[in-house]
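Chemist: For the sequence shown, the residue numbers in numbering that gives the first Met the number 0 are 0 to 148.
Keep in mind the hints are simulated off the structure, nothing from the lab. Keep in mind that the hints are not guaranteed to be accurate.
Claimed, not checked - Restricting the straight-line Cα-Cα distance to at most 30 Å, the calculated cross-link-like pairs of lysine-lysine (DSBU-like) are: (1) K70 x K60; (2) K120 x K102; (3) K120 x K138.
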Amino acid sequence: MIQKQGHWVPYELLLLCVWWDQQGVIYYQLSRALKEKRPLYAQRHDKVILLHDNARPHVAKPVKTYLETLKWEVLPHPLYSPDIAPSDYHLFRSLAHSLCEQKFTYYEDCTKWFDSWISSKDEQFFRRGIHSLPERWSKVVESDGKYFH
């Protein structure tokens, strides 16, 4: 449990939204705009490629409509396939290892810790996660679509 705005919230209910590329984190916790972190992306929408799964919330009509207005290329991938999503197999796996011994009393403590964790990661960390994607896709093809770690 953590405290947020005077209310206790089970830690399982906290949602972390992270957009990242090979240079680092672009956006998280609805506090940093894409334009500020990657001004080039704001000018060149056609060069942004978004990989997100086909889970129901991601393919809802309002989401699809909004993504169409951004004119980004959207790469679909199978439902709940953490073995081929860089956020799952690279970013969140590393985050989970770092979080295993953490305990937060307040929401602010959690966000402060996360800010520090993100700051501790260099560009090479993010580059490895993105650049391993083609190899992971090849493994999916070789394993006939079966899940792997």
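Chemist: Between K120 and K138, does the CA-CA distance stay at or below 30 Å?
Modeler: 27 Å, holds
Chemist: Hey, K70 versus K60, does the alpha-carbon distance stay inside 30 Å?
Modeler: 16 Å, holds
Chemist: Is the hinted pair K120 and K102 satisfied, with a Cα-Cα distance of at most 30 Å?
Modeler: 21 Å, holds
The structure fails none of the hints (numbered hints given earlier).
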